[in-house]
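Asks: Here is how the chains run, residue by residue.
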Amino acid sequence: MNSSNSIFQLLSITPPGWGGVLLTGALATLLISFGAYLVGMALGLFGALGKLGGVGPIRLALNFYTTVVRAVPELVLIVALYYAGTDGLNRVLSWAGIGPVEVNGLVAAIAVLGFVQGAYMTEVLRGAILSIPVGQLEAAKAFGMRPALRFRRIILPSLIPNALPGFANLWLSVIKDSALIAVVGYQELALAARVAASNTKQYMLFFLAAAALYLAITIISNLLFSALEAHFRRGQRPIH
Amino acid sequence: MDFSWIIPYRELLLNGALLTCMLLVISVVLGFAIAIFLAIAQVGNNPVLRVAAKSYCTFFRGTPLLIQLWLIYYGLGSYLPYIPGLKGSFLWPLMREGLFFAAVALTLNFAAYQGEILRGTLLAVPKGELEAALAVGMRPSMVLRRIWLPRAIRIGLPTFAGEVILQLKATPIVFSVTVMDLYGAAYKIRQDTLLVYEPLILVAAFYVALTFLITQVFQRLENAVPARR
Numbered sequence: 001m002n003s004s005n006s007i008f009q010l011l012s013i014t015p016p017g018w019g020g021v022l023l024t025g026a027l028a029t030l031l032i033s034f035g036a037y038l039v040g041m042a043l044g045l046f047g048a049l050g051k052l053g054g055v056g057p058i059r060l061a062l063n064f065y066t067t068v069v070r071a072v073p074e075l076v077l078i079v080a081l082y083y084a085g086t087d088g089l090n091r092v093l094s095w096a097g098i099g100p101v102e103v104n105g106l107v108a109a110i111a112v113l114g115f116v117q118g119a120y121m122t123e124v125l126r127g128a129i130l131s132i133p134v135g136q137l138e139a140a141k142a143f144g145m146r147p148a149l150r151f152r153r154i155i156l157p158s159l160i161p162n163a164l165p166g167f168a169n170l171w172l173s174v175i176k177d178s179a180l181i182a183v184v185g186y187q188e189l190a191l192a193a194r195v196a197a198s199n200t201k202q203y204m205l206f207f208l209a210a211a212a213l214y215l216a217i218t219i220i221s222n223l224l225f226s227a228l229e230a231h232f233r234r235g236q237r238p239i240h
Numbered sequence: 001m002d003f004s005w006i007i008p009y010r011e012l013l014l015n016g017a018l019l020t021c022m023l024l025v026i027s028v029v030l031g032f033a034i035a036i037f038l039a040i041a042q043v044g045n046n047p048v049l050r051v052a053a054k055s056y057c058t059f060f061r062g063t064p065l066l067i068q069l070w071l072i073y074y075g076l077g078s079y080l081p082y083i084p085g086l087k088g089s090f091l092w093p094l095m096r097e098g099l100f101f102a103a104v105a106l107t108l109n110f111a112a113y114q115g116e117i118l119r120g121t122l123l124a125v126p127k128g129e130l131e132a133a134l135a136v137g138m139r140p141s142m143v144l145r146r147i148w149l150p151r152a153i154r155i156g157l158p159t160f161a162g163e164v165i166l167q168l169k170a171t172p173i174v175f176s177v178t179v180m181d182l183y184g185a186a187y188k189i190r191q192d193t194l195l196v197y198e199p200l201i202l203v204a205a206f207y208v209a210l211t212f213l214i215t216q217v218f219q220r221l222e223n224a225v226p227a228r229r
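Here the protein sequences come in this chain order: B and C. Under our numbering, think of the first position of the first sequence as 1, with each following residue one higher. Under our numbering, think of the first position of the second sequence as 1, with each following residue one higher.
No incorrect hints appear here.
Some but not every residue of chain B turned toward chain C, in silico, with C-beta under 8 Å:
1) Ala71
2) Leu75
3) Val76
4) Val79
5) Ala80
6) Leu180
7) Ala210
8) Thr218
With beta-carbon atoms standing in for the labels, derived distance ranges:
9) B:Leu38 / C:Leu49: 37 to 43 Å
10) C:Arg96 / B:Phe151: 58 to 64 Å
11) C:Gly162 / B:Glu229: 19 to 25 Å
12) C:Phe37 / B:Pro147: 51 to 57 Å
13) C:Gly162 / B:Gly85: 26 to 32 Å
14) C:Leu157 / B:Gly56: 32 to 38 Å
15) C:Val51 / B:Glu229: 21 to 27 Å
16) B:Ser198 / C:Val51: 32 to 38 Å
17) C:Leu94 / B:Leu208: 23 to 29 Å
18) B:Ile7 / C:Asn46: 31 to 37 Å
Read the hints as simulated data drawn from the structure, not as lab findings. All figures in this text were calculated on a predicted structure; none of them were measured in a lab. C-beta atoms are modelled at their ideal positions from N, C-alpha and C, and glycine is treated no differently.
Bound conformation, chain C alone (with noise of 0.2 Å):
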C-alpha cells in the first residue's frame, strides 16, 4: 500500500470531492423541486398531467442513469448548438461543460424517484386532516401548502435520507462525460502513477464517511420535527 500520491494530487482530490458534493446538493436541491410537481401532478384531477408525470417517473425510474447522462451528454448536447440565439448567450459557456450535462441528468433523475416517494406520501396524509383544514375554510391551494405538502413531506423523511445516500452513490458515474469528481479523480490518479486500489480505496474511504454524515444529519432533522405518534 502506498499513499504517498496524496501530497502532490491533495488539490485535485479536494476539487473532486468539492464537485462531488456540489453535484449531490445541486440535484437533491432542484430535484426536490421538480418532484413536488411531479407528485402533486400524478395525484391531482388533471389526466394530460397526471400522464405526463406518470411517464417521465416510468421512463427516468426504468432506464439506467449512464442511458440518460449519455443520452442527455451526446444526444440532446450534440443538437444545442443549432438552437438559434443560444451560441451567444450567457449559458453557452456554461453549456459546453460536462459538468452542465451531468448536473441536468442527475437532477432529472432524482426528481422521478423523489416525485415517486411523494406521491405514495401524499397519498398516506390521513384524509381527516385535510377535510378539516377544507372545514376551517382554506382553500384547496391553501391546504396543500399549509398541511398536505407539509405532512407528506414530514411522513417522507425518512425514505428522503435513503434516497439522497443512492444519489450521492450515484454520481461517480458522471466521470463518464469527463467531470473530474472525486472518482475522476481516482481514475486520473490511476492513470498517472498506475496505482489501482489505493486511490479506489481513499474514494470509497471519503464516500462512506459521507454516508455516515448524511445519516446521521438527517437522523438530527428527523428528532427536531416534532411528531405525536
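Bound-form chain B, shown alone (with noise of 0.2 Å):
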C-alpha cells in the first residue's frame, strides 16, 4: 500500500512528519491520566473515610456520589461535568464581578475524570480498608494510638497491598477513558491521532500508531504496578 519509506516520513517527529503531534498528544493523556488519578486518589480516600466512619448524611451524600458516577457512562458524565464545571465556575466568578474567564483544557479534563476516578477509589479504598483484620486495629486503639497515628502507622501499610490490584485497574482503566476527552474537544493522543489523520487520510497508519502508543503504556504501567505489588507484599506469605 505504502512504501515503508513513506510510511517513517509520516511518522517522522519533525513537522513534515506527524509523530511529534502525536507523541505530544501521548504526553498530554499521560499527564490527564496522572492528573486525574491523583485527583481521584484524593476524592478517593475523603470518599472511604467518610463512608466508613463519617455521620449519617455524609454517608448518604457518598452513596449518591459513588452509585450515581459509577452507573452513568463515562462519556455522559464527561461532557455534561464539562460543561456544567466551566459554566458554574463562570457563573461564580461573574456573580464576584470578575469577568468569564476561558477554562484551560488541561484542567477542566484533570478535574472532569478525577471526579468520576473518585467514585471508583472510594469503594476500592473502602473494601481495602475493610479486609484489614479488625484485631490490628483494636490492638493499636490499645496502645493508645491517636487516629491519625493509627492511619499512618497501621491503616495505610496494611491497606496498600490489598488496594493495589484496584489502583492498577483503576490506572488503566482512567488512561482508556482520557481518549474520551477528545470529544470534548481537548488534544490528547487519540485526538491528535485523529487530527493526522483526518490530514493525511492515513486512517489506518495513524490510529494503529495511536493504539501502539495507548498499547507501550499499559503494558508499562502493567509491569510496574506487578513490580510495586511485589514490593509491598513482601514478607506475605502468598495466597496459593
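Once you've looked at the hints, go ahead and assemble the two chains, each given alone in its own frame, into the complex.
Replies: This is how it looks when you write it as C-alpha cells:
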C-alpha cells in the first residue's frame, strides 16, 4: 500500500511528519491521566473514610456520589461535567464581579476525570480498609494510638497491598477513559491521531500508531504495578 | 429546567434508546460467543492459538475503545470498497452504515474482556470434576461441552453482570461515528434547542434505570441456577 519510506516520513518527529504531534498527544494523555488519578485518589480517600466513619448525611451523600457516577456512562459524565464545571465557575466569577474566564482544557479534563475516578477509588479504598483485620486496629487503639497515628502506622501500610490490584485497574481505566476527552475537543493522543489521520487521509496508519502508543503505556504500567505489588507484599505469605 | 422538548423529540429518543439496547444485546451475545473461543484457545495446548488469543485480548484490553472504533470505522472502512465483490453484494448497504462498524467494534472489545474472564473461570473449575468426567468415559470434547464450559460460565456469572453494565456504559461512544443512539439523540437535541443539561440528565437517568434492570435480571438468573455452597 505504502512504501515503508513514506510511512517513516509520515511518522517522523519533525513537522512534515506527524510523529511529534502524536508524542505530544501521548504526553498530554499521560498528564491528564496522572493528574486525574491523583485527584481521584484524594477524593477516594476522603470518600472511603467518610463512608466508613462519617455521620448519616455525609454517608448518604457519598453513597449517592459513588452510585450515580458508577452507573452513568463516562462519556455522558465527562460532557455534562465539562460544561457544568466551566459554566458554574464562570457564574460564580461573574457573581463575584470578575469577567468570564476561558478554563484551561487540561485543568478541566483533569478535574472531570478525577471526579469520576474518585467514585471508583472510594470503593477500592473502602474495600481495602475493610479487609484489614479488626484485631490489628483494636490492638493499635489499645496501645493508645490516636486516629492519625493509627492511620499512618497501621491502616495505610496494610491497606496498600490490598488496594494495589484495584489501583492498577483504575490506572489502566483512566488512561483509556482519557481518550473520551477528545470528544470535548482537548487534544490528547486520540484527538491528535484523528487530526493527523484526517489531514493525511492515512487513517489506518495513525490510529494503529496511537493504539501502539496506548498499548506501550498500558504494558509498561502493568509491569510497574506488578513490581510495586511484589514490593509491598514482601514478607507476606503467598495466598496460594 | 425545561423538559418541554421531550414531546417533539420523543421518536428520536425512543429510537435512540432502542438502538442503545440493540447494540448492547448484539455486542454481548456475539462477543460472548467469540469470548468462549478466545478462552478455550488460551487454556488449550495449541501454542499458535494461545499466543494469537492472548495478543488479541492484550490489544483490545490495552487500547481505548474510542481508538478501536475509529480504527475500524475510518481505517478498515476506507479499505472495504477495494475488496472485490463486496460492493455489489447484499451486505454493502449495511457496511456503509456507522452502526455496522460500531457493532463490530463493541463486539470485538467485549469479546476481549469476557475472554479473559472466561479464561480465569475455566482454570477455576475444580480438577476433580474434569477427572471424574474423563473417568466415566467422556471424550475431551464432551467434557468441555458438558462439564468444563458450563461450570466455568456458572462461576463467571457474577462478573458477567458487571461486564454487561460496563458494556452498556461504553455504548454512547458510537455517536462519534454518526450513530444515533440515545446519547446521539441527546447530542442532537442539545444542538437544536441549545439546552445543555436537560437532555444529558434524561439520558443519564435512562442509563441508571437500565443498569438497575440489568443487575435485577442477573440477580434472578443467579438465584435460578442451583448451586451448592
